[in-house]
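Residues per chain are reported as follows:
There are 8 protein chains.
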Amino acid sequence: MSDLYSRLSKDDAAVLLVDHQTGLISGLVRDYGVDEFKNNVLALGDTAKFFDLPVILTTSFENGPNGPLMQELVDLFPDAPKIARPGQINAWDNEDFVKAIEATGKKQLIIAGVVTDVCVAFPALSAIKAGYEVFVVTDASGTFNKQVADASLTRMAHGGAQLMNWFSVACELQRDWRNDVEGFGALISSHLPGYQNLMGSYLGAQRDLSTQNA
Amino acid sequence: MSDLYSRLSKDDAAVLLVDHQTGLISGLVRDYGVDEFKNNVLALGDTAKFFDLPVILTTSFENGPNGPLMQELVDLFPDAPKIARPGQINAWDNEDFVKAIEATGKKQLIIAGVVTDVCVAFPALSAIKAGYEVFVVTDASGTFNKQVADASLTRMAHGGAQLMNWFSVACELQRDWRNDVEGFGALISSHLPGYQNLMGSYLGAQRDLSTQNA
Amino acid sequence: MSDLYSRLSKDDAAVLLVDHQTGLISGLVRDYGVDEFKNNVLALGDTAKFFDLPVILTTSFENGPNGPLMQELVDLFPDAPKIARPGQINAWDNEDFVKAIEATGKKQLIIAGVVTDVCVAFPALSAIKAGYEVFVVTDASGTFNKQVADASLTRMAHGGAQLMNWFSVACELQRDWRNDVEGFGALISSHLPGYQNLMGSYLGAQRDLSTQNA
Amino acid sequence: MSDLYSRLSKDDAAVLLVDHQTGLISGLVRDYGVDEFKNNVLALGDTAKFFDLPVILTTSFENGPNGPLMQELVDLFPDAPKIARPGQINAWDNEDFVKAIEATGKKQLIIAGVVTDVCVAFPALSAIKAGYEVFVVTDASGTFNKQVADASLTRMAHGGAQLMNWFSVACELQRDWRNDVEGFGALISSHLPGYQNLMGSYLGAQRDLSTQNA
Amino acid sequence: MSDLYSRLSKDDAAVLLVDHQTGLISGLVRDYGVDEFKNNVLALGDTAKFFDLPVILTTSFENGPNGPLMQELVDLFPDAPKIARPGQINAWDNEDFVKAIEATGKKQLIIAGVVTDVCVAFPALSAIKAGYEVFVVTDASGTFNKQVADASLTRMAHGGAQLMNWFSVACELQRDWRNDVEGFGALISSHLPGYQNLMGSYLGAQRDLSTQNA
Amino acid sequence: MSDLYSRLSKDDAAVLLVDHQTGLISGLVRDYGVDEFKNNVLALGDTAKFFDLPVILTTSFENGPNGPLMQELVDLFPDAPKIARPGQINAWDNEDFVKAIEATGKKQLIIAGVVTDVCVAFPALSAIKAGYEVFVVTDASGTFNKQVADASLTRMAHGGAQLMNWFSVACELQRDWRNDVEGFGALISSHLPGYQNLMGSYLGAQRDLSTQNA
Amino acid sequence: MSDLYSRLSKDDAAVLLVDHQTGLISGLVRDYGVDEFKNNVLALGDTAKFFDLPVILTTSFENGPNGPLMQELVDLFPDAPKIARPGQINAWDNEDFVKAIEATGKKQLIIAGVVTDVCVAFPALSAIKAGYEVFVVTDASGTFNKQVADASLTRMAHGGAQLMNWFSVACELQRDWRNDVEGFGALISSHLPGYQNLMGSYLGAQRDLSTQNA
Amino acid sequence: MSDLYSRLSKDDAAVLLVDHQTGLISGLVRDYGVDEFKNNVLALGDTAKFFDLPVILTTSFENGPNGPLMQELVDLFPDAPKIARPGQINAWDNEDFVKAIEATGKKQLIIAGVVTDVCVAFPALSAIKAGYEVFVVTDASGTFNKQVADASLTRMAHGGAQLMNWFSVACELQRDWRNDVEGFGALISSHLPGYQNLMGSYLGAQRDLSTQNA
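Protein chains in written order, with the numbering used here: chain L, 498 to 711; chain X, 498 to 711; chain V, 498 to 711; chain B, 498 to 711; chain Y, 498 to 711; chain D, 498 to 711; chain H, 498 to 711; chain A, 498 to 711.
Here chain L stands alone, though its shape is the one from the complex (with noise of 0.2 Å):
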C-alpha cells in the first residue's frame, strides 16, 4: 500500500533519466534558476553513479530542436542504455525502455525529467500502474512554471509516487555514513557549496588550533 513508507534501497533501485536535453532544458524550464537545475540534474547523476544504480537514459527527438542530452550526463553514463525515443511522448510507451527497466530487475524506479508535467509524470503514472514504486526526483525535474510543476506534483502525489529531491534520495540510498564516510562526503559537498562552506571554517577552525598550539 502506497500510504506506507517505501524505503529506497540501493540493491533494488533504477535511475530513469528522461529528456534532460539542452533544448528542452534551455527553451523550457522556469521553475529552477539555471545554476541551480544544471546543479541538482549533476547531483543526481553522481549519486547514480556512486550507487552503482543502474542508470536508464532517454531522450526525445534528439536530433531536432529538442537538442542533445546534456553532455555531462553522456559522459558519465558511456554504457548505460540510451534510448532514442522515435516519436512516443510517454517513455513507458516504447518498449526497449520498458525491456531495459524490466532488465535491470529493480522493483523501485527514481525518475527525473524535462518537463515535469509531461516526461516524468507520464512514465511515472504508468510505472506506478504496473507495479513499480517510483520515487519522484522534484529539483532534478523542470518544468514552465512554479504553478504547472506545483499541479503536476499533486497529480502524482495523489497517484502513489513518493516526491524526494536528490539529496534525499542520496541519503536514503546510503543509509549509514560509515558505509563509505569519505566517498559520501565528497559526493554531497561536491553540489552542495553550503557544505563545503562547512568543511571549509570546519578544516580553518583545526588548523588556526593546531597554530596556537603549535
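These are calculated hints, taken from the structure and not from any lab test. Treat each hint with caution, since some may be false.
Said to hold, decoys possible - List time: in silico BS3-like cross-link candidates among lysine-lysine, alpha-carbon distance up to 25 Å:
1. K603(V) / K579(V)
2. K643(Y) / K643(A)
3. K596(A) / K507(A)
4. K596(B) / K626(B)
5. K626(V) / K626(Y)
6. K596(D) / K579(D)
7. K596(A) / K626(D)
8. K643(Y) / K643(X)
9. K604(A) / K643(A)
10. K626(V) / K507(Y)
11. K643(H) / K643(X)
12. K626(B) / K604(B)
13. K643(Y) / K643(L)
14. K643(D) / K643(L)
15. K643(A) / K643(D)
16. K643(B) / K626(H)
17. K626(B) / K579(D)
18. K643(X) / K643(B)
19. K596(D) / K643(X)
20. K604(H) / K579(H)
21. K643(Y) / K596(D)
22. K643(D) / K643(V)
23. K626(H) / K507(A)
24. K643(A) / K643(V)
25. K626(L) / K643(X)
26. K643(A) / K643(H)
27. K507(B) / K546(B)
28. K603(H) / K507(H)
29. K643(D) / K643(B)
30. K643(X) / K643(L)
31. K643(H) / K579(H)
32. K507(H) / K596(H)
To be verified - Derived DEER-like restraints, expressed as beta-carbon distance ranges:
33. L700(Y) / D677(B): 25 to 31 Å
34. N676(A) / S506(X): 56 to 62 Å
35. S506(X) / K596(L): 20 to 26 Å
Don't be surprised by glycine CBs; every beta carbon is placed ideally from N, CA and C.
Using the hints provided, position chains X, V, B, Y, D, H and A relative to the given structure of chain L.
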C-alpha cells in the same frame, strides 16, 4: 479507482470550457498574467481543435457585466454547443449542458474555466460524482489569487480530479509524435514561444552549416 | 465518504466564526493583507446573513489582549449565540458551543477563524470526527504566515475537510442566480471591487449607446 | 531645488485624479490587489475632501471601453472640474486641464492615476517642467505589473517628483493631530483596518477595566 | 486510521529533536529566515519543557562540519537522552534512539529537525510504519529551499504524518488556558512578538484609564 | 539637462533593437515570462512600425549559438538596416551601427535588447555620452534575473537614461488619440489582452442594449 | 555635498527612535516579519547603547491606540529624553525634540521609526534641510508594505539621506574590531543567529581537535 | 563627473575581493541561492584571471568564526596580495590594502564582497572619495536579505558607484569577441549553464545536418 493512472485518450475525451467571458477574465482573474492566461486558454482551445475533440462551451449571464465569451473561442468552435445558462452557477445543474456532454458519449472530461473555485470546481466535482473521469486544466483556469486557486485545486484533487496543464493534456492526447509530427509541432510551438525559439535556433544552425558547406 | 462531492446547501449549513478578535487579527495574522482579510471576513458574514444561515460566534479571552470581536460582526449578528469561552482553546471542547451547533440541527459546518492552525483546525477536525461535514473558508481564516497556513490546510484536507473560499461558499449556497438576482449581485459586488468595476463599465456602455441613440 | 525637502501644505496643494475609470482599473491594473487599490484611491479621495483641497478629475474616452470614472469619486466630488479629454493622452496637453489647475492658484500638485507609466508619469513630468512641485501618490496609482511600476517611478523620481503614498500625504497635510483629532482619526481609521483594530482593542481594554472597577 | 483527528495529548507525547546542529542550520537551512527559524526551534523546546514532555535529542557527526547541537537546546534539556549517532542517517536506524523512545512509553511523536527532507522525513515515516502517531513541526524544521520543503511535507502528509507548527502543538497540548493561564501566556508571548505587542498595548490602555480615573 | 522631462516625439526618435536573437532569449532571459517577453518585444516592434520610426536592427554572432534574430522582427522590418556585428559587444563600437543612427538624423533613441545589462546598457550609456537622449524600453529588454535587471536599470537611470515600457513609449509618441483612433486602438489592443477584454465587454454591452431596444 | 561618502562616527552621531510603539508595530508594520523586526529594532538599540550614543525617544499619542513604547526600549534607555509629542506628526515640528537633538551637539543623525513613510521620512527630510547628515536605518523602520517602503526610501535617498541597516551602522561606528573585540562580537552575535551559529561551530571544531590531541 | 559613462578598461582596472570567507558566506548571505552565489563569485574570479587584472584579496579575522577565504579563490590567485586585516572593518582603513591598490597603478576598481552593506559599501564609498572610479559587482556580493541589499546598493549608486554584475564586467572588459573568441566563449559558458545549453544545441544541430548530408 482514482488513485491509478487514468490516461487521457482522444477517443474518450470531451472538453468543457466554462465561462471564459471577457468581463470575468478582466475583472476577476489575478492568478495568471494576462498575456499568459490568454495564451493558455487559446492553447487549450487549439488542442481540442487539433484532436477534433467534442467541445462544449457555456456562459453565465453573458448579456451583462460578465461579458461575452472570448471572441477567439467563438470563432474557433462555430459549431460547438454553446449553453448560455439562464442562472445556474454550477454548469452541471443545467440540463442542456449535461445532455450535451452525454451526447458526446465520452467519459473523460477535460475542464477549464473562470473562476476556478466555482465554475471549474463545481462541475468537476459533480462530474466525478456522476461517474466521469475529470481532468482539470489548471493553467487555463483562473481566479482571484494564488491562495484561492491552491485551496480550490486541493479540494478537487482530494475529490478525485486529476490536475493537468494544457501542454500535458496535448501531449497525453498525442501519445506519439509520429501520429502527426508537423501538425503537433505547429500546435505546440504556436503557444510556446520558448519552443519557437528552439526551432528558430535549430534552423539557424543548420542554415549556418549549409552556408559553410556551400 | 469524504472523497465524493459534498455540496453545501443553505438548508443544511451553519456558520462558525471563531475568534475574529481585533487583537488576534492585528497581532498575529500575516498571511493576508489587512484590507483583503477584513473584506473576506465581512464577505463571509454577509453571505451567512444573506442566506439566513444560523451563525455561531465564539471568542477566546475577549477581556484581555486578544481583544473584542470585530465590531462589524457583532453588529451583523446581534441575535447569534456568542460563546465567550472561559479557557478552552479548541472551541469544540466548550459544551455550549457544541450545543449551540446541535441546536441548529445542521450537519454542514462552514468554519473560519483566527488563527487557522489552531482556532480553525482544532474544531474543524473535531467536527469531522463527530460526523459533521466541514467546509473551511480559507480566505476568511488567517495566521502567522503562508507556510503555517499551508501546513494547516494540508492537515485539514487530509483529515477530510473541504477547502473553500468565501466566494465559492456564496456561489454553492446560491446555486442559481434566479433565486434572487439582485440580492446576490449586490452581495458579491459589495465585496468584489473587480466585479463592481465590471458593473460600472457595463452601465457606462449602455448609457453611451442610449445617448447615441437619443 | 528638488533635492531639498518640499513639504506638502494644505494651503498650497491641489489634487489631480487622472483616469480612475472602471475599465482601465479592471483591465489593466495588476500591481495592487483589487481590494487594496480601491481602498487606496478612495482614501486619497477622502483625504482631499477632508482637507478641502481643490480636486481636478479627468478621464480619457470615458464613453468607450475605458469606462466611466469610479462612481465613488463622482459622488465624492460633485462640484470638482471634470475634464473629459477628447483625445490627449497626457492630461497636461489639454488646455482645460491646465487652466483648471492654474485656477486653483496652487503650486503643489498631488497626482495619482491609471496607468502609472502614462497617465501619471506624463502630466507629472510636464508639471515639474512647468514649475510645479509634484507629489506622486504611488499606491493610488496602478499599472500592468510591478516591473513597469518600478521603471516608471524611477523615471519620475529622477525627474524631480517626490514619491509618497496616500497615508503620508494625509499626515503631511495634517501636520498636527490637534488640528482635528477626531476628524483625522476617523479619516485614517476608515481606510486602515489595522488602525481600526487598534482602536477596537483599546476601547475593549478600557471597557474591561471599567467593568472590573464597577 | 490516519484520516480521523488524532489529537495531541501531553500524557501521550514525546518530542524528538533531530540534528539541530549549528553547522547544518548555518550551511543548509534556507527556507526560513535565520531569526525566525531560531525562534521557532526554541519555541518548540520551551513548549516541550513547559509540558514536561520527554525529549530525545540526537545528532549526526557532531564532531565535524555539522557542528554541535545548538547550545540553547543543550542547556534547556540537560537530562534528556542525547544520542550521538555514529553514522545512521535515519535516526530510526539507531537502536539507542528507538529504545529511548520506547522507554518513554509514549505513542505520539512530535518531530522536528534539520534537514526536513532527510532528518525529519525518514524517522517520521519509519515511526508511522512502526505504529506511532507522528506530528511534524514544520516551522521548527528547515531545509534547502521552499520547493524541497514542499515536496517533503507532501510526502509525509501522504504517508500519514500530521503537519503542525510549534504554536498549534503548544495549543493542542495546553487544551485549556485555565490549566495555567500565566505560564502558558508567558510561554507563547516569549516567542510571539506580535502577541507581546498586544499585551503591551493592553496594559497601556488600562494604565491610561487608571490614570484618567485617578 | 537630464532631469527635466525629455519627451519622445515621433519626429525625433529612432528605435534600436539590439540582439533579440532566438538563442539569447531562450538561454539567458529569465526576468520575464516567455509569453510576456515575446509579446513586449513584438509590441515595441509594432509601435515602431505604426509611427513609421526608423528602426535599426543589430545582432551579435548570429551564425552561432546566439541564434538568428527573431523571425517576426525580420519580417516586420524587411528594409531596416540590419547590422551583423562581427565581434563588438557594445553595438556603439560598431561604426556601421553608429552611422546608421546618424543617417536617421534623429536625436532621441529608443533602445531595447538582450541582455539588458550588456546589449542595452552599453550602447545606451555610450549614446548619452555622445549627446543623444536615451529611452530604455525596460519590458522589451531581458536578462538573467530580476536582481541583475535592477542593478542595470539603476546604472542607466543614474547615467541619464529614461526608463520606460513599450506602452508608455507608444502613448508618448501618439500624444493624441485623435491622430488615429482606430489605428492606435488596434495597435495597443493587439498586445494588451486586458484591453482587448475591455473592448469585448464594451461591444457586448452595446449589443445587449441594441437587442433589448430591437 | 551629499554625494560624497559621509561616514558615521561615534563621536558625531545621535540616534532618534521615533514611535516604536506596540500598537503601531502590531497594527501597521507588514514589510518585515514580526520576529525579524523586533530583533532589528533591539539590535539598533543595543548598538546605540554599546557606543554610548545619545538617544532620543519620542512617541505619538502613547495614551491611546498607538500604544506605549516597546518596553525593551524603555528599559534600555532609562535616562534618555523621551518626548511624548502632544500632536505633531513630524517629530521635527516638536520644539522639545529638536532642542534635545541640539543639546547633544551631534551633526549626524541615525533615524529609525514606525511608520517609515511618515515618522521616519518627515523628520529625516527636515533634518537634512536643517543641515544635519541623516542615516536612515531601513531595517529598524517598518510600514504597511514593501511598495510603500520602497517609495519612501526612494524619496529619502533623492532627498539626501543615506540608507543603511542596523548592522552596517554598528560596523561603521565600530571601525576596528580591536577597539573592543569581545564587546562588539557579543553585540552582533546576540542579534545575528547566523553569526552565533558560526561561533558555535568554531568552538565545536576546536573542541574536537583538543579532544583528539588529548 | 559620475553621471557620464565611465567604461571599464582592462588596462585601467583592478579587482578587489573582500571577505569571501566560508563562514561569512555560510552564516550571513541569504540574498542569493548558494549554488548561484558560488558560481557568481568564481565567475568574477575567472574573469579577473582571464583579463589578467591585478587582484587584491582581503579577509577579516580569518582565524575565527568568519572562516578562511574560499579555497577556490586562494587557488586561483596564488600570487595576489592577500591582506589579512587585523581588525579594520572598512578595508580602506588598512594601509596595506590601499598601498596594494596604489601599487597596481589602476584607477578603476571592481569590487565585490561579503557582506554587501559593509565589506563592499564602505571601501567602495571610500574609494570614490579618494578619486577612484568604482564598479560594484552586485551578484558576486551577498548579504542578509534583499531589503538590506537594496538599501545598500541605493546608497552606493547615489554615492557615485556604478552597479554591474559579473557578466557585464566581463563583457565590458572584453569589448570585442575577436580579441579572443575561444577564450572568452569558454570563460562565459563555463559559468552560464544557459549559454552552455545553447552551445550544446548548436553543435547538435550541425551534427544532425552533417549526418543527413553524409
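Hints, verified against the model:
1. For the proposed pair K603(V) and K579(V), the alpha carbon gap of about 18 Å is at most 25 Å, so the pair holds.
2. For the hint pairing K643(Y) with K643(A), the CA-to-CA distance comes to about 17 Å; that is within 25 Å, so the pair holds.
3. Between the alpha carbons of K596(A) and K507(A) the distance comes to roughly 20 Å, so the proposed pair stays at or under 25 Å and holds.
4. Straight-line distance between C-alpha atoms of K596(B) and K626(B) comes to about 16 Å, which keeps the hinted pair within the 25 Å bound.
5. Restraint check for K626(V) and K626(Y): satisfied, since their Cα atoms lie roughly 23 Å apart, inside the 25 Å limit.
6. As the CA atoms of K596(D) and K579(D) are separated by approximately 12 Å, the hinted pair is consistent with the 25 Å bound.
7. Of the supplied pair hints, the one linking K596(A) and K626(D) is violated, its CA atoms being roughly 33 Å apart against a limit of 25 Å.
8. For a cut-off of 25 Å, the pair hint linking K643(Y) to K643(X) stands: about 16 Å separates their Cα positions.
9. Taking the CA atoms of K604(A) and K643(A), the gap is near 30 Å; set against the 25 Å cutoff, the hint is violated.
10. Proximity of K626(V) to K507(Y) is assessed by CA-CA distance (about 20 Å); at most 25 Å being required, the pair is judged to hold.
11. Proximity of K643(H) to K643(X) is assessed by CA-CA distance (about 19 Å); at most 25 Å being required, the pair is judged to hold.
12. Between the alpha carbons of K626(B) and K604(B) the distance comes to roughly 12 Å, so the proposed pair stays at or under 25 Å and holds.
13. Between K643(Y) and K643(L), the direct Cα distance comes to roughly 11 Å. Compliance with the 25 Å bound is thereby established for this hinted pair.
14. Proposed proximity of K643(D) and K643(L) is supported: the alpha carbons are some 17 Å apart, at most 25 Å.
15. For the hint linking K643(A) to K643(D), the alpha-carbon distance of about 11 Å falls within 25 Å, and the restraint holds.
16. Among the hinted pairs, K643(B) with K626(H) is inconsistent with the structure: their alpha-carbon atoms are about 32 Å apart, more than 25 Å.
17. A hinted pair counts as satisfied when its Cα atoms are at most 25 Å apart, and K626(B) with K579(D) does not qualify at roughly 37 Å.
18. This hinted pair checks out: K643(X) and K643(B) have alpha carbons roughly 17 Å apart, not beyond 25 Å.
19. Distance check on the hinted pair: K596(D) and K643(X) sit about 50 Å apart at the alpha-carbon level, beyond 25 Å; violated.
20. The straight-line distance between the Cα atoms of K604(H) and K579(H) is roughly 20 Å, inside the 25 Å bound, and the hint therefore holds.
21. At most 25 Å may separate the alpha-carbon atoms for a hinted pair to count; K643(Y) and K596(D) exceed this at roughly 51 Å.
22. Distance check on the hinted pair: K643(D) and K643(V) sit about 23 Å apart at the alpha-carbon level, within 25 Å; holds.
23. With a CA separation close to 42 Å, the supplied pair K626(H) and K507(A) exceeds the 25 Å bound.
24. With a CA separation close to 19 Å, the supplied pair K643(A) and K643(V) stays within the 25 Å bound.
25. Taken as a hint, the K626(L) and K643(X) pair is broken in the structure, with Cα atoms around 32 Å apart against an allowance of 25 Å.
26. Between K643(A) and K643(H) the CA atoms are separated by roughly 11 Å; this keeps the pair inside 25 Å, and the hint holds.
27. Between K507(B) and K546(B), the direct Cα distance comes to roughly 11 Å. Compliance with the 25 Å bound is thereby established for this hinted pair.
28. The hinted pair formed by K603(H) and K507(H) meets the criterion: a straight-line CA distance of about 10 Å does not exceed 25 Å.
29. For the hint pairing K643(D) with K643(B), the CA-to-CA distance comes to about 11 Å; that is within 25 Å, so the pair holds.
30. Proximity of K643(X) to K643(L) is assessed by CA-CA distance (about 11 Å); at most 25 Å being required, the pair is judged to hold.
31. A hinted pair counts as satisfied when its Cα atoms are at most 25 Å apart, and K643(H) with K579(H) does not qualify at roughly 29 Å.
32. Between the alpha carbons of K507(H) and K596(H) the distance comes to roughly 20 Å, so the proposed pair stays at or under 25 Å and holds.
33. Look at L700(Y) against D677(B): about 29 Å separates their beta carbons, and that is inside 25 to 31 Å.
34. At roughly 58 Å, the beta carbons of N676(A) and S506(X) sit within the given window of 56 to 62 Å.
35. Range check, S506(X) to K596(L): about 24 Å between beta-carbon atoms, so the 20 to 26 Å window is met.
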